[in-house]
Amino acid sequence: MSIQALTCPNCGGSIDILGGGRQVVSLTCKYCGCVLDAEDDFKILAQFKKVKIPPSPFRIGMQGEIKGVKFTIIGIVAYSCSVGRTTGEDTWIDFMLFSPTHGYAWLSYEEGVLIFSRRTRSIPSQNMPRLSPKEKLVFEGKTYKFYESYFAYVTFVQGELTWVARKNDRVYIFEAIRPPFGLSLERTKNESEYSISEYLKAKDVYESFGVSREVSEGFHPLKPFSAPLLKAFSSVSAVFMAISAVIILFILIFKSGTTVREDFFSSRSRQINFHIDNPKHLVELEIHSNVNNSWVYYDISVIDEHNEEVYSLGKEISYYHGYEGGESWSEGSTQASAFFKVSKVGNYLLLFNAPENRRGVATQVIIKEGVIRPYYFVWLFIFFFAASALYVIRYASYRAKLWKHLQDDDDD
Amino acid sequence: MKFSREINCPQCGSALPLHFTYTKLAQCPSCGSHIFLDDAGARLAGEQSVLSQEPSLISLNESFSYAHKVYTPRGHVRYKFKRFIWDEWWLSDRNGNGYWLSVDDGDYILEKEIPFDLPIYSFKKIKLNQEIQGWNVTELGEGECLGYEGELPEFLEIGEKHQYAHLSKTDGKMMTIEFFGKTKKLYSGKWLDAYDIRKALSS
Numbered sequence: 001m002s003i004q005a006l007t008c009p010n011c012g013g014s015i016d017i018l019g020g021g022r023q024v025v026s027l028t029c030k031y032c033g034c035v036l037d038a039e040d041d042f043k044i045l046a047q048f049k050k051v052k053i054p055p056s057p058f059r060i061g062m063q064g065e066i067k068g069v070k071f072t073i074i075g076i077v078a079y080s081c082s083v084g085r086t087t088g089e090d091t092w093i094d095f096m097l098f099s100p101t102h103g104y105a106w107l108s109y110e111e112g113v114l115i116f117s118r119r120t121r122s123i124p125s126q127n128m129p130r131l132s133p134k135e136k137l138v139f140e141g142k143t144y145k146f147y148e149s150y151f152a153y154v155t156f157v158q159g160e161l162t163w164v165a166r167k168n169d170r171v172y173i174f175e176a177i178r179p180p181f182g183l184s185l186e187r188t189k190n191e192s193e194y195s196i197s198e199y200l201k202a203k204d205v206y207e208s209f210g211v212s213r214e215v216s217e218g219f220h221p222l223k224p225f226s227a228p229l230l231k232a233f234s235s236v237s238a239v240f241m242a243i244s245a246v247i248i249l250f251i252l253i254f255k256s257g258t259t260v261r262e263d264f265f266s267s268r269s270r271q272i273n274f275h276i277d278n279p280k281h282l283v284e285l286e287i288h289s290n291v292n293n294s295w296v297y298y299d300i301s302v303i304d305e306h307n308e309e310v311y312s313l314g315k316e317i318s319y320y321h322g323y324e325g326g327e328s329w330s331e332g333s334t335q336a337s338a339f340f341k342v343s344k345v346g347n348y349l350l351l352f353n354a355p356e357n358r359r360g361v362a363t364q365v366i367i368k369e370g371v372i373r374p375y376y377f378v379w380l381f382i383f384f385f386a387a388s389a390l391y392v393i394r395y396a397s398y399r400a401k402l403w404k405h406l407q408d409d410d411d412d
Numbered sequence: 413m414k415f416s417r418e419i420n421c422p423q424c425g426s427a428l429p430l431h432f433t434y435t436k437l438a439q440c441p442s443c444g445s446h447i448f449l450d451d452a453g454a455r456l457a458g459e460q461s462v463l464s465q466e467p468s469l470i471s472l473n474e475s476f477s478y479a480h481k482v483y484t485p486r487g488h489v490r491y492k493f494k495r496f497i498w499d500e501w502w503l504s505d506r507n508g509n510g511y512w513l514s515v516d517d518g519d520y521i522l523e524k525e526i527p528f529d530l531p532i533y534s535f536k537k538i539k540l541n542q543e544i545q546g547w548n549v550t551e552l553g554e555g556e557c558l559g560y561e562g563e564l565p566e567f568l569e570i571g572e573k574h575q576y577a578h579l580s581k582t583d584g585k586m587m588t589i590e591f592f593g594k595t596k597k598l599y600s601g602k603w604l605d606a607y608d609i610r611k612a613l614s615s
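First to last, the protein sequences are chains A and B.
Residues in the first sequence are numbered from 1 upward in steps of one, following our numbering.
Residues in the second sequence are numbered from 413 upward in steps of one, following our numbering.
A portion of the hints provided could be inaccurate.
The calculated lysine-lysine pairs, modelled on PhoX-like cross-linking and capped at a C-alpha distance of 20 Å, are [unchecked claim]:
| hint | chain 1 | residue 1 | chain 2 | residue 2 |
| --- | --- | --- | --- | --- |
| 1 | B | K596 | B | K539 |
| 2 | A | K231 | A | K280 |
| 3 | B | K573 | B | K536 |
| 4 | B | K539 | B | K581 |
| 5 | A | K43 | B | K494 |
| 6 | B | K492 | B | K581 |
| 7 | B | K537 | A | K67 |
| 8 | A | K70 | B | K585 |
Simulated from the structure, these hints should not be mistaken for laboratory data.
Construct the complete structure from the given sequences, taking the supplied hints into account.
What follows is the structure in structure tokens.
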């Protein structure tokens, strides 16, 4: 692409003509803001007085590749939107791109987000201006959702453009989304034009256009929800949750143990012999008591064949209930469990002492072996459930932000 | 199906590979002579031309595909309007059908000649934005032939001028009316998305 030299008829400043194709009809002097007629000997058509170039990492003349096509930035148009627009900031910049093979396109820069747009002569199945937010429309076989409509006003122009832009020129914009893609209709008093848009990864564009500094990205309706790790984790979580649930059920049904001894007593102390054949899994001590608005405390020891204590614990069972203020209440339980492990097959002695059992509370003891507790799998289930829930919460938060303007409209 | 005729260049004697039964103008791949073909045979056409190589997705005899259909550019004409140029490519599909592909600043329009059935009799009476049978006149202009290469279905002279009118419908459908003196032609087709033009795997 050749760059020709031209001077501004107003200020004499040099104007670079980037050769942006036959559709370029206006050039704007970067020094004095004069809009020049490219089709009529560069006569002055309008002027943007005392308007500063909006800050952005791009400038006219930069070249880079987008979607495999080499483009040159030939023009800049900055817009400010009306109150009707409720997302993003109030201003954004459109950089006009030109490729000798692919023609014209736009690179929009808004809150650090880069959107690539180009004109299409295809039109959607529905009339966009008649749609309400979230209403569906089909374009090129794909379903979009109508997003919003708003007025935008030209605030700054520089370089070559395919139309004559004047300050405060108004365009009515209708947008539909299918992140990362978008479809927009721009209406001016002279024409209606459809464009297809796509959110671009800013880093790739910056690298291609030789921009050294990166700008953090804000929110944009075409920026897709992205939580890849969480999404992947959430996807596998469903599988692991199902596996955990099956294991928990299996354990509860088939691995709740085999009763090796059952005893019933009401004395203050008791010695119970039992035999363990399966030391690989847990031994469960299930204690039932007929406490009634009372409590009982047990000192429990397990002694092996060598008269050595392998396990000891203290266990209290308390159960209180009543009727107060028209409502029944209760607290505590008449049963308790304890789990322990023995190292080998053999005979064991269970010592029960309930020194405070003066009322002769009856106690039933059931000893089971081969018990597996689903404890770890329950935690695993909770962990994976939490991961899935986190993804769902984050996605719901993104959706709420995406459609926040509807809520705001309702509030208004 | 592929149509072919065998005719030799009257300048150098080389065989001309003609892909269309209705090719009228061809360029000899050996000596570059432009050759006019009629029922009597081949004879040298007038002025010779050499087209400068501009960046383009389309190249002569290099097939490309669009919407699962393969086209091969057989001829190339360059036109000038005011200070700008555009290219017209004469294409054949795999069935030997001929199409014109207009390439103008990344705008690609594929059209095929159809019988003239519009109530239009003079270029001068067509107005911009006029509606003609549901079509909107979107562009009026004049093309001056700067040169050509390859095979073409009609005889062209360098410097020859014609007037044209582009008619559009909102769904990307296009029509072009061309006026060559008192002769008028009508073409119908569609706008192509440049990003969907792919290099074909084989011709």
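For each hint, the structure was consulted:
1. B:K596 to B:K539: holds, 17 Å
2. A:K231 to A:K280: violated, 39 Å
3. B:K573 to B:K536: holds, 15 Å
4. B:K539 to B:K581: OK: K539 of chain B and K581 of chain B at ~16 Å, within 20 Å.
5. A:K43 to B:K494: It holds: about 17 Å lies between the C-alpha atoms, which stays within 20 Å.
6. B:K492 to B:K581: violated, 25 Å
7. B:K537 to A:K67: With a Cα-Cα distance of about 43 Å, the restraint between K537 of chain B and K67 of chain A is violated, given a limit of 20 Å.
8. A:K70 to B:K585: violated, 28 Å
Violated hints, in rising order: 2, 6, 7, 8; the structure is consistent with all others.
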